[in-house]
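Here the structure of chain A is known, so what remains is to put chains B and C in place on it, guided by the hints.
Residue numbers (my numbering), protein chains in the order written: chain A, 1 to 143; chain B, 1 to 431; chain C, 1 to 397.
Everything labelled a hint here was simulated from the structure, so no lab data went into it.
Accuracy of the hints is not assured; some may be wrong.
Facing chain B, from chain C, some residues (calculated, C-beta under 10 Å) [claimed, not checked]:
(1) Pro87
(2) Val90
(3) Gln128
(4) Cys148
(5) Asp155
(6) Cys254
(7) Ala316
(8) Thr348
(9) Gly350
Virtual Cβ for every residue (Gly too), placed ideally from N, Cα, C.
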Amino acid sequence: MSTAERVRAVIADVLFVDLDKAVPSAVVMADLGAESIDFLDIMFRLEKEFNIKLPRGETEQKARGDLTEEEFSVGGRLTTEGLANLRKMMPELDASAFKPGLHLREIPSIFTVETFIRMVEQNLPTGAQLAAPASTEASPALT
Amino acid sequence: MKDSPYQKSKGKRPPKRRVVVTGIGAITPLGHSMDITWDGIVNGRTPASPIQYFDASEFPNRIAYQVTDFSLSRKLLKDGEDAYLCECAEFAVNAAEEALEQSGLLGSSRPETTNPNRIQVCFGMGLPSPNIDWYEKVFFPKKLSLEESLNNARILPDQISSIIARMVGARGGISTVHTACASSGQALGEAYESIAYGDADLVVTGGADSMISPFYAAGFALLGALSKRNDDPKTASRPFDRNRDGFVFGEGACVLVFEEYDHACKRGALILGEVCGYGITESAYRITDLHPEGTGPIEAMQMALDDANLKPTDIGYINAHGTSTQLNDRIESLAISKVFGPFSKDTLVSSTKSMTGHTIAAAGALEFAFCLLALRHQTLPPSVNISSFDTDCLITLTAPEAQPRNFRFALSNSVGFGGSNTALIAGRIGR
Amino acid sequence: MSSSDIVITGIGAVTAGAVGRVAHWDLLQNGRVTTSENDYSLKLFRPDSHVKDRRYLRSCSQADGIGLAALSGLMTDSNFDPKYYSPERVGIYTGESPPNPQDHSGHFEALEAARDEHGHISEKVFGQASRSARPVTLLLGLSNNVLCYGSLMWDARGPNSNYTSSVLSAHLAVINAAKRMQRGALDLAIAGGCSDSTEEFRKATLIATNIAAGYAKGTAVADGAAFITLERRKAALARGSRILASYISSAYSCDGLGPARFDRDGNALYDCIVRALSAAAVNPAEIGLIFSGSSGLPDLDLMETQVLGRVFAGAATPPALADTSRVLGGLMEAGGMLDLGLVSEFFTCGVVPPAVRPHVNRGQFSNLITPERPFALALRCSTSGEYSCVIVKGELN
Numbered sequence: 001m002s003t004a005e006r007v008r009a010v011i012a013d014v015l016f017v018d019l020d021k022a023v024p025s026a027v028v029m030a031d032l033g034a035e036s037i038d039f040l041d042i043m044f045r046l047e048k049e050f051n052i053k054l055p056r057g058e059t060e061q062k063a064r065g066d067l068t069e070e071e072f073s074v075g076g077r078l079t080t081e082g083l084a085n086l087r088k089m090m091p092e093l094d095a096s097a098f099k100p101g102l103h104l105r106e107i108p109s110i111f112t113v114e115t116f117i118r119m120v121e122q123n124l125p126t127g128a129q130l131a132a133p134a135s136t137e138a139s140p141a142l143t
Numbered sequence: 001m002k003d004s005p006y007q008k009s010k011g012k013r014p015p016k017r018r019v020v021v022t023g024i025g026a027i028t029p030l031g032h033s034m035d036i037t038w039d040g041i042v043n044g045r046t047p048a049s050p051i052q053y054f055d056a057s058e059f060p061n062r063i064a065y066q067v068t069d070f071s072l073s074r075k076l077l078k079d080g081e082d083a084y085l086c087e088c089a090e091f092a093v094n095a096a097e098e099a100l101e102q103s104g105l106l107g108s109s110r111p112e113t114t115n116p117n118r119i120q121v122c123f124g125m126g127l128p129s130p131n132i133d134w135y136e137k138v139f140f141p142k143k144l145s146l147e148e149s150l151n152n153a154r155i156l157p158d159q160i161s162s163i164i165a166r167m168v169g170a171r172g173g174i175s176t177v178h179t180a181c182a183s184s185g186q187a188l189g190e191a192y193e194s195i196a197y198g199d200a201d202l203v204v205t206g207g208a209d210s211m212i213s214p215f216y217a218a219g220f221a222l223l224g225a226l227s228k229r230n231d232d233p234k235t236a237s238r239p240f241d242r243n244r245d246g247f248v249f250g251e252g253a254c255v256l257v258f259e260e261y262d263h264a265c266k267r268g269a270l271i272l273g274e275v276c277g278y279g280i281t282e283s284a285y286r287i288t289d290l291h292p293e294g295t296g297p298i299e300a301m302q303m304a305l306d307d308a309n310l311k312p313t314d315i316g317y318i319n320a321h322g323t324s325t326q327l328n329d330r331i332e333s334l335a336i337s338k339v340f341g342p343f344s345k346d347t348l349v350s351s352t353k354s355m356t357g358h359t360i361a362a363a364g365a366l367e368f369a370f371c372l373l374a375l376r377h378q379t380l381p382p383s384v385n386i387s388s389f390d391t392d393c394l395i396t397l398t399a400p401e402a403q404p405r406n407f408r409f410a411l412s413n414s415v416g417f418g419g420s421n422t423a424l425i426a427g428r429i430g431r
Numbered sequence: 001m002s003s004s005d006i007v008i009t010g011i012g013a014v015t016a017g018a019v020g021r022v023a024h025w026d027l028l029q030n031g032r033v034t035t036s037e038n039d040y041s042l043k044l045f046r047p048d049s050h051v052k053d054r055r056y057l058r059s060c061s062q063a064d065g066i067g068l069a070a071l072s073g074l075m076t077d078s079n080f081d082p083k084y085y086s087p088e089r090v091g092i093y094t095g096e097s098p099p100n101p102q103d104h105s106g107h108f109e110a111l112e113a114a115r116d117e118h119g120h121i122s123e124k125v126f127g128q129a130s131r132s133a134r135p136v137t138l139l140l141g142l143s144n145n146v147l148c149y150g151s152l153m154w155d156a157r158g159p160n161s162n163y164t165s166s167v168l169s170a171h172l173a174v175i176n177a178a179k180r181m182q183r184g185a186l187d188l189a190i191a192g193g194c195s196d197s198t199e200e201f202r203k204a205t206l207i208a209t210n211i212a213a214g215y216a217k218g219t220a221v222a223d224g225a226a227f228i229t230l231e232r233r234k235a236a237l238a239r240g241s242r243i244l245a246s247y248i249s250s251a252y253s254c255d256g257l258g259p260a261r262f263d264r265d266g267n268a269l270y271d272c273i274v275r276a277l278s279a280a281a282v283n284p285a286e287i288g289l290i291f292s293g294s295s296g297l298p299d300l301d302l303m304e305t306q307v308l309g310r311v312f313a314g315a316a317t318p319p320a321l322a323d324t325s326r327v328l329g330g331l332m333e334a335g336g337m338l339d340l341g342l343v344s345e346f347f348t349c350g351v352v353p354p355a356v357r358p359h360v361n362r363g364q365f366s367n368l369i370t371p372e373r374p375f376a377l378a379l380r381c382s383t384s385g386e387y388s389c390v391i392v393k394g395e396l397n
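Next comes chain A alone, as it looks inside the complex (with noise of 0.2 Å):
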């Protein structure tokens, strides 16, 4: 099974939804019921699968980058440049996924399941990592 076949795996039994609902492009909360008891689940499972360790908040910390706090946001809401930052660690998600105004806290209610997957392809081990999106391509087994 290749990552993506594995991660989608993992989100559809953390959340009991069938296999074919859990699509890349699925978002994790509002399409696929997840609420944040789910992500710790997620995020644990895909721990335990892939052997690694998952960060937690890299997604923000790396969109913050170089940009000083209020810089990135006033008031817990994303500024402009902090939401361009965003976008370009989130490739995967449509530009409406990045309403002006979003909340800090309201990052993980974007997030799709091509986002878990690209969280696991960045943090397998150097060698391990597939070029290409896992999304639509089935990709070689590795060991």
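Just chains B and C now, with coordinates in the frame of chain A:
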């Protein structure tokens, strides 16, 4: 605003009797009595410290509000009853003694006319919270002998209720309630209704809890619910502050004596305040997440107002559940703003969890007691540990120091894990 | 007030011997052969094949899963249709057993890692190791999971409660739900309880507090869950619901002697029964059937018999008495619900099935159940001297 459920009922509302409070006792991190605890509240004390009960040095969250220098009072205990007491049940024994003494229901001061068949107990009890050596005995070896099991296994949640019933001579019935953080809110509500609707004349009620133990410290940490401000315990519990990052464990017990008004007057009891209304709902939304629109707590508060026949502007103070998590404080204040209006100046809000920590099953009872005392002393508890108020919380906080206020009613919220929400309204009564 | 305005419109039950209303009546009629205490265990029960939305099970203990399975069955048995109710007028009242060590199983790995060669567990090492446990571990050990998940299942947002009151729990759930309904605050109440009594540690707790002391005499503690629905008669008829029985009245009391003590004179139990009869405006002579509390503790069971003798002393012929725990085992927090849900079957049958006739000589009671005495009296008795009584009336076909 949704209609209150009672407005939809087709029949007439049944008549209600008045319910008053004639005794309060408490064991809290602020002190070993209700008076000392209240004194701590008024002075804004925050007795949080590193966890003492076990070696928490490698836990992600290492602080708590703990009851210190406690010793179980055996004055009202029978021989052998201490075997049925877990730690927080011991707190409840002392708190019950204080409440019953104040109420004049013990021994020779107890009037003949109090009918034991019309005395009940309704208590909100926490989960068992043993130390790690208990797990040593229970799990390893996995098969214990019956003798070993019996030695480890005495404690059930309803035993403290049974002991309190014996202390007060209750024959009218006992119930023990558990709905996580709403437990004693519910216990008090059911005690109130039992008297209001004529099933009892006197109910000893309250709550007790202590979750400061390795399994729960680990468990809540995994859910991300606890504050990580380990190096500054005294400011970690900061409800409604912008930089709040989770709750801090508290522990303790609070016992109250609820009584029918005429019954209390006839025996010349000291009346500390009135129980005016109760609302209880289930959010039925998610297991841990609160409904983003505040559904659940909103209806509980509306139900309590309706039950008390009061308007939102009649409530001078709300003791919020206010756990100091990002989610609870934001959503609860949204709910409050929807019932009382955003940033209401008539209804000031605070959470006393900055001074007691989160006492879980005891919270409802303890915080209702704070409402009663606030009314009795016409003093608002302070909002402490606010370095930067979170303006996303659409409420007006009480001042950083305790302030006098002329007000007649207060409301206490409890928002439970698992979705039970209670709202209790206290009223000032002179005597 | 005597009122048959509140009716029972369904029952969902899971015990080691059966699942569902019909299967449980068959079980009581035919009895069942049990050869060991394992026969009362639901350790191997798979809740996920009974619960429609299996997501609810993801942070549930086995006992909780059994409870949700029973609630699922109740939904079917009561023909629940949400269009008839507003969510804020639907309420769930549960009785649940306290958590057992198994509910903390998410921490086992960390505990193992923290043990040294002498068996001593290091809190420091546990603090580190526990960070890798499954995040929802704590939720499994909560004592109000069935109330929580049940509310999601039924979209029940109204008044609710959860009782950890040992053998009285399910009765307290029914009693409080019925009171709410009588006051006009609920249109539908779901009430009952669930328990995993056979788990080793839990059983030891019960023995330590005297409850299962009668175990050796043939009473076994049992796992299970059972819930009933309560509605107003008019509304139930209007939606074409089956009516299983009428709820008439209730009462509860206590001896007030402290844990593991009860009054051998039985005054509080007597008072409880008399109050329930008085609230029902029902004469003892109108009671056709008693469902005994049968705690399993021989002295308490004897006292119960003696009190019933006092209550029914004036009756020309004694009522019948059934002890369903003989077949079901001692269901603890789930106990008492099957009696209420199946009462009409007993009256239709007209005779107490042999399997549930009491094993001690209760010659003072009949085995014949006559419709001329249409009320039934259901009791719960705890070894800590706490008692409850619910009076119902069968619906004869």
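query: Can the hint on Cys148(C) be confirmed by a CB-to-CB distance to chain B that is less than 10 Å?
result: holds, 4 Å
message: Less than 10 Å between beta-carbons is the criterion; does Pro87(C) satisfy it with respect to chain B?
response: holds, 7 Å
task: Using 10 Å as the Cβ threshold, decide whether Ala316(C) counts as touching chain B.
output: violated, 29 Å
query: Are Cys254(C) and chain B close enough, Cβ to Cβ, to be under 10 Å, as the hint says?
result: holds, 5 Å
- request: Mind checking the CB of Gly350(C) against every CB in chain B and telling me if the closest is under 10 Å?
  value: For Gly350(C), the interface hint is violated, since the closest Cβ of chain B sits about 34 Å away, which is over 10 Å.
message: Under 10 Å is the threshold here; is the Cβ of Gln128(C) close enough to any Cβ of chain B for the hint to stand?
response: At about 5 Å, which falls below the 10 Å cut-off, the nearest Cβ of chain B leaves the hint on Gln128(C) intact, so it holds.
field: Residue hint Asp155(C), partner chain B, criterion CB-CB below 10 Å
entry: holds, 6 Å
message: Quick check on the hint: Val90(C) CB to chain B CB, less than 10 Å?
response: holds, 9 Å
- prompt: Can we keep the Thr348(C) interface hint, with Cβ of chain B closer than 10 Å?
  reply: Since the shortest Cβ distance to chain B is 33 Å, the answer is violated.
The earlier numbered hints that this structure contradicts are 7, 8 and 9.
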